[in-house]
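A.B. asks: One letter stands for each residue in the lines below.
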Amino acid sequence: MMNKLRATEARRRAALSGIADRWAALPAWQRLIGVTAFIAILYYLPLLGVPGLTWLRTDSIDGGNSWAGVLFTCAIYVLVAIGLNVVVGLAGLLDLGYIGFFAIGAYSVALFGSTNSPVVKWMQRTFELEPTWAVAWAICIPLAIALSLTSGVILGWPTLRLRGDYLAIVTLGFGEIIRIVARNLTGVTNGAAGISAIPGPEGAPSADNQIFGLQDLKPWYWLAITVVLLMVFAVRRLENSRVGRSWLAIREDEDAAAVMGVNGFKFKLWAFAIGAALGGLSGFLFASRNAFIDPSQFNATLSILFVAMVVVGGSGNMVGVAFGAVLLAYLPERFRFVSDYRWVAFGFAMVVVMVLRPQGLIPSRRRARELQDRAKEAKVSV
Amino acid sequence: MSETTSTESREPVIPSQPGPRRLLLEIDQVVLRFGGVVALNEVSFQIHEGEILGLIGPNGAGKTTCFNVMTGVFKPTSGQVRFAGARVSGRKPPEISRMGISRTFQNIRLFPEMTALENVMVGTDSRHKTSVVGALFRLYRVRPKPEELPQVTSEAGLLRTWQQVRRSCAQIFGLSRHILEERAAEKKSLELLRFVGIQGRANEVARNLSYGDQRRLEIARALATEPKLICLDEPAAGFNPAEKEQLLKLIRQIRDRGHTVLLIEHDMRLVMGVTDRVVVLEFGTKIAEGSPDEVSRDPRVIAAYLGESVDAA
Ligand SMILES: Nc1ncnc2c1ncn2[C@@H]1O[C@H](COP(=O)(O)OP(=O)(O)OP(=O)(O)O)[C@@H](O)[C@H]1O
Ligand SMILES: [Mg+2]
Chain A
1 MMNKLRATEA
11 RRRAALSGIA
21 DRWAALPAWQ
31 RLIGVTAFIA
41 ILYYLPLLGV
51 PGLTWLRTDS
61 IDGGNSWAGV
71 LFTCAIYVLV
81 AIGLNVVVGL
91 AGLLDLGYIG
101 FFAIGAYSVA
111 LFGSTNSPVV
121 KWMQRTFELE
131 PTWAVAWAIC
141 IPLAIALSLT
151 SGVILGWPTL
161 RLRGDYLAIV
171 TLGFGEIIRI
181 VARNLTGVTN
191 GAAGISAIPG
201 PEGAPSADNQ
211 IFGLQDLKPW
221 YWLAITVVLL
231 MVFAVRRLEN
241 SRVGRSWLAI
251 REDEDAAAVM
261 GVNGFKFKLW
271 AFAIGAALGG
281 LSGFLFASRN
291 AFIDPSQFNA
301 TLSILFVAMV
311 VVGGSGNMVG
321 VAFGAVLLAY
331 LPERFRFVSD
341 YRWVAFGFAM
351 VVVMVLRPQG
361 LIPSRRRARE
371 LQDRAKEAKV
381 SV
Chain B
1 MSETTSTESR
11 EPVIPSQPGP
21 RRLLLEIDQV
31 VLRFGGVVAL
41 NEVSFQIHEG
51 EILGLIGPNG
61 AGKTTCFNVM
71 TGVFKPTSGQ
81 VRFAGARVSG
91 RKPPEISRMG
101 ISRTFQNIRL
111 FPEMTALENV
121 MVGTDSRHKT
131 SVVGALFRLY
141 RVRPKPEELP
151 QVTSEAGLLR
161 TWQQVRRSCA
171 QIFGLSRHIL
181 EERAAEKKSL
191 ELLRFVGIQG
201 RANEVARNLS
211 YGDQRRLEIA
221 RALATEPKLI
231 CLDEPAAGFN
241 PAEKEQLLKL
251 IRQIRDRGHT
261 VLLIEHDMRL
271 VMGVTDRVVV
281 LEFGTKIAEG
291 SPDEVSRDPR
301 VIAAYLGESV
311 DAA
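Protein sequences, first through last, are from chains A and B.
Counted from 1, the first sequence has number 169 at position 169 by UniProt numbering; the numbering is strictly sequential.
Counted from 1, the second sequence has number 118 at position 118 by UniProt numbering; the numbering is strictly sequential.
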């Protein structure tokens, strides 16, 4: 049984790598057309009405969630996965507290953009502003990025000198600390009561909003997917540059890299900061769309889910981690029976994937080889 | 030790351009202790620009440790290393690499999952100015040299117009420094791969290269950092005589390219054939220094090293 599974698996893997090879061999203009078509499909997705494919929609089942809303969540998770992939997949730093940066991004827009936040109320009192005043949504974007990036640097500065497991423990603690601070610092964050009226592109949530309303979620998805595409573009630029090479070199052999002139600490810190900024940005989008956040939304299980998206999808490969994120966000929504046993099914799926495909579903080629070789070594040493 | 060396089998030494040379590296009374083990005991020697210096000694003599001190992997317990007049000891490896010292490793340490070309490009990166912001936004523009401009290759039609537009844009706005650096790095890396003789394996991941090619790749990667001094740690380990002959030529060529070479090697034939001067270590202490001829006649060296290897054979 297991052998048969492995055999089909091997065949499928061969087919997959065939696709990747053929894709890379295509002329540039054909790839451009392919990418353009794919992007067009992404934008069309919330309108999906092609007969025969409508079953994909989450609202095609009883009590299913808004299709565009689910797509929005998928997009947010893809953004998270891309950011975490920079840290875990490229630079090889195990970060188990990624939710912390997500929360910081979310709280940035909540604390500064919502009229209900104690911070804005304090500003209104101190500077004698109108009670409707709050920091504009557009200004909250750089604010969220800056705050999460800074927190990434502050966390990374002392901890990136640690290696391996120690870093994982420290980051796990960081994620929890952020949540606990958000819950206990009632005077600033409203504590467990949370913050409502978080603004979107059109300002505070209200029935008058024309585009980014609470009912029609398509524009939210389009906004999120635009951000995702921009970030994919940016991270690709880094991956295919000196920076990406340095990350790989650090992951492979940090000491040799140092002797070859790679400033390991600097590039690890950059990876951490970039990952943090992307996490913050996704938290920002999440909070804007949700209009309400409270600390319980940022618990450690979500951190683990984030790492799972990266590992299941294929650590180190952007396409892979994006696929993993979509899978973990979409499946429980479409197949509701899964969602009831979500964590059981999830744990089971993880085990199956890790047994049959330890490199992830769409692995980076490098990682795939690394793990295959490790498997070989293990056999030899037995 | 498998290599038996006798004075008869030695090739004649052609001393390369004599005359006073500039002092490049100075190791001054360096002591390094690992707990109770004294790995280096008041070792002092100097390397002059343009020479090939051999560093020999029996196993465990402290040769690799000496490299580790020079490249910042270990900090000496006492004593100093100076390179081109500047202090080396106490600095971090990346900084020392930029000062102009590079090395290969006795136990090969490539980046196994990166291609040969990428391995070498990591070396070239140590001279690059672009970092995260530059690679991301590419706003820093430089005026390209004529040969760096985009070429107009198409005969006619839309493609030609497009190429002309790109060329004009590059002339007016310049090209991003990042892109120029990236192109130059690739070109230089390919050239270095050709130099060490493995250009055909450029896109192979390092782990899949043969043992000898991995050693050659390490040399190419070390050269890519544009070192003034390149330290080779047993580059001939595991080589057959034909390969050793090639390596001998390669080392001379490296010197002719303007690098100073420090060579650790157990094969005495190779050491005698290529070095201008030899320093001998035993148990962390320098026991002799001089021309290969002088050193191989030194009774202490014969007792410590050659004698031992003859006995062993
Ligand atoms: N990191 C370390 N910790 C403790 N002792 C070390 C360390 N590195 C080297 N030594 C010791 O220092 C001494 C010199 O070792 P080194 O590797 O420099 O020898 P070597 O001359 O390169 O020998 P070989 O010809 O075998 O490569 C040895 O006794 C070794 O055990
Ligand atoms: Mg050694």
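In short, the hints are calculated from the structure, not lab data.
Where a beta carbon is used, it is the ideal one built from N, C-alpha and C, also for glycine.
A few of these clues could be false.
Keeping only pairs whose Cα atoms sit at most 30 Å apart, straight-line, the calculated DSS-like set for lysine-lysine is [stated by the list, open to error]:
1) B:Lys249 <-> A:Lys266
2) B:Lys187 <-> A:Lys121
3) B:Lys92 <-> B:Lys145
FRET-style restraints, in silico, Cβ to Cβ [as the list claims (entries may be wrong)]:
4) B:Glu191 <-> A:Ala37: 37 to 43 Å
5) A:Ala234 <-> B:Val152: 55 to 61 Å
6) B:Glu204 <-> A:Lys266: 54 to 60 Å
7) A:Asn240 <-> B:Ser78: 30 to 36 Å
8) B:Arg166 <-> A:Ala193: 56 to 62 Å
9) B:Asn107 <-> A:Ala193: 42 to 48 Å
10) B:Ser210 <-> A:Pro158: 54 to 60 Å
11) A:Arg161 <-> B:Glu147: 28 to 34 Å
12) B:Arg167 <-> A:Arg161: 43 to 49 Å
13) A:Ala234 <-> B:Glu147: 45 to 51 Å
14) A:Pro358 <-> B:Gly290: 18 to 24 Å
15) A:Arg161 <-> B:Arg21: 20 to 26 Å
16) B:Glu191 <-> A:Leu56: 35 to 41 Å
17) B:Val165 <-> A:Arg22: 29 to 35 Å
A.B. asks: A separate judgement is required for each hint: does it hold in the structure or not?
C.D. replies: Do the hints match the structure? See the list:
1. B:Lys249 <-> A:Lys266: violated, 38 Å
2. B:Lys187 <-> A:Lys121: Cα-Cα ~59 Å, so violated.
3. B:Lys92 <-> B:Lys145: violated, 35 Å
4. B:Glu191 <-> A:Ala37: 37 to 43 Å: Holds - the Cβ-Cβ distance for Glu191 of chain B and Ala37 of chain A, about 40 Å, lies within 37 to 43 Å.
5. A:Ala234 <-> B:Val152: 55 to 61 Å: violated, 30 Å
6. B:Glu204 <-> A:Lys266: 54 to 60 Å: violated, 29 Å
7. A:Asn240 <-> B:Ser78: 30 to 36 Å: Hint violated: Cβ distance 46 Å, outside 30 to 36 Å.
8. B:Arg166 <-> A:Ala193: 56 to 62 Å: holds, 58 Å
9. B:Asn107 <-> A:Ala193: 42 to 48 Å: violated, 60 Å
10. B:Ser210 <-> A:Pro158: 54 to 60 Å: Because 43 Å falls outside the window, the suggested range is violated.
11. A:Arg161 <-> B:Glu147: 28 to 34 Å: Between Arg161 of chain A and Glu147 of chain B, where Cβ atoms are some 44 Å apart, the hint is violated.
12. B:Arg167 <-> A:Arg161: 43 to 49 Å: holds, 48 Å
13. A:Ala234 <-> B:Glu147: 45 to 51 Å: violated, 30 Å
14. A:Pro358 <-> B:Gly290: 18 to 24 Å: The hinted range 18 to 24 Å is violated for Pro358 of chain A and Gly290 of chain B, with Cβ atoms some 57 Å apart.
15. A:Arg161 <-> B:Arg21: 20 to 26 Å: violated, 41 Å
16. B:Glu191 <-> A:Leu56: 35 to 41 Å: For Leu56 of chain A against Glu191 of chain B, whose Cβ atoms are near 52 Å apart, the range 35 to 41 Å is violated.
17. B:Val165 <-> A:Arg22: 29 to 35 Å: With a Cβ separation near 31 Å, Val165 of chain B and Arg22 of chain A satisfy 29 to 35 Å, so the hint holds.
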